[in-house]
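Using the sequences provided together with the hints, build the complete structure.
Going line by line, the protein sequences match chains X and F.
No gaps in the numbering here: position 144 of the first sequence is 143 in numbering that gives the first Met the number 0, and each next residue is one more.
No gaps in the numbering here: position 29 of the second sequence is 28 in numbering that gives the first Met the number 0, and each next residue is one more.
FYI, nobody ran anything at the bench for these hints, they're computed from the structure.
A few of these clues could be false.
Dumping the calculated DSBU-like pairs for lysine-lysine here, alpha-carbon to alpha-carbon at most 30 Å [said to hold, decoys possible]:
id, chain 1, residue 1, chain 2, residue 2
1, X, K41, X, K154
2, X, K2, X, K125
3, F, K37, X, K57
4, X, K144, F, K37
5, F, K4, X, K116
6, X, K132, X, K154
7, X, K125, X, K144
8, X, K132, F, K37
9, F, K37, X, K125
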Amino acid sequence: MYKGVVRFNLRSSPYVNLNCVSNEFEVDGVRVRCSDGAVTIKFEVVGESPEVVNELGKVRSELFVYATSLIQGRGFSTCNLVISPPSKIPQTTNEDGAIRLSYNVTERTSLIVKEEKSIDESYIRKTIELMSKLGDALRNPSTSKRAEELLRVVKWWALGDLDTDPVDRFLKFFIAFEMLASLMGYKGKFCDS
Amino acid sequence: MSVNKIRNLIMHEPGEEKDRAEEVARKHADEFGQEVLKAIRRIISEELDAGMD
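What follows is the structure in structure tokens.
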């Protein structure tokens with residue numbers, strides 16, 4: 000078996016200020032570190048090959064931000080996602096040779112913060128529970144297709160919430176809305192309502 | 000004005016109508032987003048048995 004360490008920053012709308020109750024804590028294997036307004040999430044993934052570890056790391060980090068978006072009611076995405084080189088030997092995070100899947104950089108802006116969101120153990124626990132249920136739905140052959148489609152809706156919604164331009168935000172919310180309506184069988188019926 | 004009409008005007012209609020639609024979108028984007036989120040949460044809770052209360 001191979002083990003890798005997944006690490007990423009939580010990217011939120013610049014209008015949202017993330018408050019951590021403590022600087023560093025851990026819930027069910029998920030390590031949360033808050034420093035200078037940035038929230039870093041770290042957890043381990045285990046798989047039968049390095050490829051499986053990388054894929055699992057990518058999927059679980061996405062599930063984490065989708066669950067966070069649903070629970071907090073604001074859009075979140077991963078930023079600076081790094082999956083350490085999978086190794087048979089347990090090791091601490093080593094950035095040498097790490098696989099970088101994203102190079103997003105959170106920009107510091109002077110926008111007026113409209114909302115404060117607390118990051119604490121109970122919130123992380125709820126997120127992990129939801130993430131686990133979403134993961135179960137993705138693995139279950141009878142619900143996997145539906146779960147995948149619904150998570151794509153969440154992704155578009157989160158992209159909308161992260162956008163600072165209100166017209167673009169509206170259009171991305173509309174994509175999520177249209178996809179959801181289509182999934183629910185309302186295609187073509189909701190246009191005039 | 001329906002959200003579908005606003006979207007269509009923004010995407011396909013140049014001129015005053017588009018400007019008006021963009022103004023409505025600007026004003027109501029967050030409200031619309033919250034309504035969409037409510038629907039997403041409800042459907043995920045019901046279909047995937049993944050409550051988020």
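Point to revise | Hint check, failures only | key: Going through the list in order, the structure violates hint 5 alone and respects the others.
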